[in-house]
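**Q** As given, the protein sequences belong to chains A and B, one line each in that order.
Taking the working numbering, I'd label the letters of the first sequence as residues 1 to 554.
Taking the working numbering, I'd label the letters of the second sequence as residues 1 to 92.
Keep in mind that a hint or two might mislead.
[Stated by the list, open to error] Example chain B residues on the side facing chain A (calculated, C-beta under 7 Å, incomplete):
1) 65
2) 67
3) 81
4) 84
[Said to hold, decoys possible] If you want the ones that stay clear, here's a sample from chain B, every Cβ over 10 Å from chain A, calculated:
5) 11
6) 14
7) 15
8) 19
9) 22
10) 25
11) 26
12) 27
13) 30
14) 32
15) 33
16) 36
17) 38
18) 43
19) 44
20) 48
Calculated from the structure, these hints are not laboratory results.
Glycine residues also receive a C-beta, built at the ideal position from the N, C-alpha and C atoms.
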Amino acid sequence: MGDVLNSLMLFWGLMLLTYFLMQNGLSIFNDVTKAMSHFMLEKALGPGIDLVEGRDGSASKAWFIQGMLWLIAASTLVFEGLWLKQDPTALHSLSAWGYDPTANSLIYASNYAALYGGIGMLLIGSSLHIMPRLAGTNLASERNATLVSFLWTLSVLVLIVAAHDSEILGVNIFLIGTGMHALGFIAIVINLLLTISERQSSLPIPGWLIIMGMLADPISTTATIITGSIQAGAGQWLLAHMIGGTFFFATAAGVALYVSSSASGNPLWSRSLGAATLVGALATINPIGDSNGMMAADMLGVAFEQLQPSSQDSIVMAFLMALAMIPIMALAANVMMTLRGGDAFIENSDSAGIAEVNLGASMLFPLAVASLFVQSDALAAAPELSGMAPTLLLMGIWLVLVPISLGAALHLFPTVTGRNLLSRNRARWAYWMMGGGAFLGLTVSMMSDLIDMALIEAAVDDSSALAADVQAVGAILFYGAAVGAIMHTLNAVSGLFRGARIVTDRATSSSITTEAYSLASPTSVRKILAGGASLDTTVVPVGESDDAGSATEL
Amino acid sequence: MSEGGSGTLGEFIQGEEEPSSSWVVLAFGLVTSLSLLILHSILYPSRDLPVISEILPVFDGVFDSGIWFFILGIMGGVFAIIATMLTEATSE
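Extracted from the complex, chain B is given alone in its bound form (with noise of 0.2 Å):
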């Protein structure tokens, strides 16, 4: 490899600021994952979904009231919180 001129390599870059379509590639995603889910339920409608079948009864008595799906979503937000506070905190 010649020393200098185009044998050199471009340094990583990364913005700082985010695309405003960044969200849809996710969302399609996990809409994705989801449709393969039902597939499976589809395809093979004898079988249990792999692990999933087999975590979920592990809840029974616990998640059996409707507030569960509302604080899921509030441990999501303050878990959210305390890594930004983490990833900022160790960025620099």
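Same shape as in the complex, but just chain A (with noise of 0.2 Å):
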């Protein structure tokens, strides 16, 4: 078997572990795990701790809002990178501080920004509040994810640094940032795994979305180290692509589906569609993503390796890319058909972050069918398609990803603070900034890579002024998403401290949990289902009479 098989059998075997292990916990060592656990989570942390708040949601605020800056920050940093590309000495004067950036170096920085700082810590702040939701109980430890927000905050900048210049003084900073990441991750999960471990009920599909999801990511790590894969061009790019399709697809997947049906009122369309997109993630490889495994040999501090598969491990990869279809198409159709119902168009559409929500449900399926060519592309021996497999990752995190956690985020931001957005028009010209300008400016680049591709195999001698001048225009048009994600951001801060109060906690009310829905007057079944039922739900009728009421007697 070649590295990719090896590496994929050992990722599937280590995930039926953890499922096996979570439906049925760790015999004798069960409280004690939980106790140390525990433990870990606040004694442990000593004075630490006590530096922030533990009110329920302070968490998940923490993660929204240094989440949606972050976001400030990475599409400052592509604006930049695109610009460069046309005009690389734009930024030459920043050289007499120290630093020289360049569109590379720029735009890969603005993936760890974007990835791990902006989506990361918007999904991983949605899961914090989903997750105790749909276990009925509450989140294990409030405190430490609070305070963990802040070390994730941290591993990014790090990274970000480690992105333009990987080594200081002689000490690789990618692996301090790793580090400081792997800790704020493990952190998280078990968090979350002792919240799931109190549930009340059976998981619904959408939690074991965003379980498995976070899971994967330190499995899938492990698999690639134990089969010595992570030092081949071929176990980089999987690695990458797992925690692609894993962390970041399946746990957005989970946010998506709970926030689809938590917006609109409507009921989960599809359990079946949710369990394909759950075993799909796992079982497949998603092609969204970068055409080689540099953030993954850069994070685990080992030496890049170009992409050289061997033919059976390009079998694997194709086979498993096409079949990454069927879990991405689920989860595109379950999301917008939710969020429809019954009817053609999204219901609640004025409520902020549903359009996003939408948009990301939307080009999800497009930019996976791209992705599938120019991936496949790129395990020939000499792509083709490679001068634009920067800008369609580009697409993926810009179109996919970020709306989806930036909307999920913006749908919860009103339970999870007690306070709405200050503005629901702002949030709106918000939402047509970002995306216009996301797609826009991300559009006009990959024509400018197509224009230089072609110029360069026609062999044209300055094959990359008609290129830079079309680039100059996408680097503009991308500008409108940093404007999008300041005024969001300023939204959100905003609404913090002046956002009109919510008034009940319908908001996320989602329709998966419930299993009871007491029937006290005749009404409508849409009534019903906009109650939070779903068609498992068993409706009790409560007893009425109309005989005059007495003293209880004692």
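Hints in hand, dock the two standalone chains.
**A** See below:
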């Protein structure tokens, strides 16, 4: 068996073992493990844990606000990177301060800021709110989750510095960033595992997507390290795509499915499609991602190798990437149909965040197909489409993952903070700025890539001039995404202080969890469904009497 | 001054709502300022603008690309967020 299949077999085996242990526990070690984990999350941290508050929702709030701030940084880095593609000396004056960025280094750094800073933090913030709801319990440690958000932010900051210059004073900065990132990640996973260990009922599909997506990140890393495939280009590429397909795709899928039901008041459209998304996310290779494994190699401190898979590995990779269309289509259809219910239009479309989730679900399939072509091409001995791979990765980030994670955060914001966003109108403007800027800016940038590739192939002497002109337009259009991120963040920060207080907790009372619905008076089926029931909910008639009441006998 | 009655001063009240047309006043002020600056260069064509003409050369070689105008916009937005955090946190 080749490197890829070896790693995948081990990964699948470890995931099955994890699922078995989550369902059956650790036998006699259960109580000891739980007690030790609780101790490690709070008391072991000493006075540090008292620096943060432990109120309900405080953890999600901290992750949301920091995630939004990271989106500003990420969009700024992308904008600068796109600009420097056509004007490489635009920031040369910064070299006086020892900072001499290039287009590649800026876009590479933006990937860390967007994936781990923006998307990662928003998804974890949403998960910290969603998982306790689905499990019918409280988060194991709000304080630890709040504190870890700052460690996570610090790790992203270090990774961004490392993306520019990986070695400072002889020390590999990537390893420091990865170490902090791993520490924060383990704390969050333990927190969520402890939370669902107290679950009152079986965990719905979105809950499984979230927890399996998070667990798959360290498990896939372990699998590639144990098999030794991380030293090869194919193994590095595989790890990057496994993490992309699990932590980012599966977790985003769980969050999107929860939010689509919660926001529309409709029950989840299809449980089978949800299950197909869960199994498919773990069993296939998601094609959305970079065409090399540089991020995986850098973060683990191994030498980066070009992707040169064996013929057997190529067949496995291409086959599993093609199969990934099943969970991708299942997720897109499930989210869009749940948002629409029985109508042709999105329900509750004015609610902040819903438009973003709809945009992410709509762009998912076309970008996955485009990525499949580019990734399949990357497996060839002489790739022809590699010139457009970085821009396609940016499209996957800014038109799928960012809209879904940001949309979920905006929707959950009122329930988490107790206040609405300051202005629904500003949220709508920000959506158009961010979505439009990312879509138009990256589409024009891809046109520039295609022009560049075509002119190089035609052996035109000065091939860069025309492509550079188009690239300038792309960069300026993408600036809208940065402005939109600022508007969203300003709206959320102002909302924390001056947003209208929410009067009910209806906003995230998802239909997924309700098992019994008390029917006190005649009502329509639509209202029952909107109240959080699904087709499997038991409707319990509550007895009523017109007799006059009297004092209770003691 | 008589105690109570007509001599009592009213309390200061600051409205929570922002009138939708208030930005017109700010925009008008900005346009007026720019107009007067242009008028200065028309009336005194041989003289540089005070203060501004001395500050701008400092940035020669720094802001030599259009990207800086965009970056300044982002910096303005970030400072607006920081200012909002500070003012909101200290206002109550």
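**Q** State for each hint whether it applies.
**A** Here is how each hint holds up against the structure:
Using the Cβ-Cβ criterion of 7 Å, the hint placing residue 65 of chain B at the interface with chain A is satisfied: the shortest such distance is roughly 4 Å. For the restraint placing residue 67 of chain B at the interface with chain A, the shortest Cβ-Cβ distance is roughly 4 Å, inside the 7 Å limit, so the hint holds. A least Cβ separation of about 5 Å between residue 81 of chain B and chain A falls short of the 7 Å threshold, and the interface hint therefore holds. Satisfaction of the interface hint for residue 84 of chain B is found here, the shortest Cβ-Cβ separation to chain A being roughly 5 Å, below the 7 Å cut-off.
Residue placement check: residue 11 of chain B keeps its beta carbon more than 10 Å from all beta carbons of chain A (closest about 21 Å). With a minimum CB-CB distance of about 13 Å to chain A, residue 14 of chain B clears the 10 Å threshold, and the non-interface call stands. Residue placement check: residue 15 of chain B keeps its beta carbon more than 10 Å from all beta carbons of chain A (closest about 13 Å). Listed as outside the interface, residue 19 of chain B is consistent with that label: its C-beta sits roughly 15 Å from the nearest C-beta of chain A, beyond the 10 Å cut-off.
No Cβ of chain A approaches the Cβ of residue 22 of chain B within 10 Å, the least distance being about 15 Å, so the stated non-interface status holds. The claim that residue 25 of chain B is not at the interface with chain A holds, since no C-beta of that chain comes within 10 Å of its own (minimum 20 Å). Every beta carbon of chain A lies more than 10 Å from that of residue 26 of chain B, the smallest distance being close to 17 Å; the non-interface claim holds. With a minimum CB-CB distance of about 18 Å to chain A, residue 27 of chain B clears the 10 Å threshold, and the non-interface call stands.
At roughly 19 Å from the closest C-beta of chain A, the C-beta of residue 30 of chain B stays outside 10 Å, upholding its exclusion from the interface. Chain A leaves residue 32 of chain B outside its interface by the beta-carbon criterion, the shortest separation being 26 Å against a cut-off of 10 Å. Residue-level check passed: residue 33 of chain B sits 24 Å from the nearest beta carbon of chain A, beyond 10 Å. Listed as outside the interface, residue 36 of chain B is consistent with that label: its C-beta sits roughly 29 Å from the nearest C-beta of chain A, beyond the 10 Å cut-off.
Distance to chain A confirms residue 38 of chain B as a non-interface residue, since its nearest Cβ pair spans about 27 Å, more than 10 Å. Separation of residue 43 of chain B from chain A is adequate, the least Cβ-Cβ distance of about 35 Å exceeding the 10 Å criterion. Interface exclusion of residue 44 of chain B from chain A stands, the closest Cβ pair being 32 Å apart, more than 10 Å. Against chain A, the non-interface label of residue 48 of chain B holds: every CB pair exceeds 10 Å, the least being about 24 Å.
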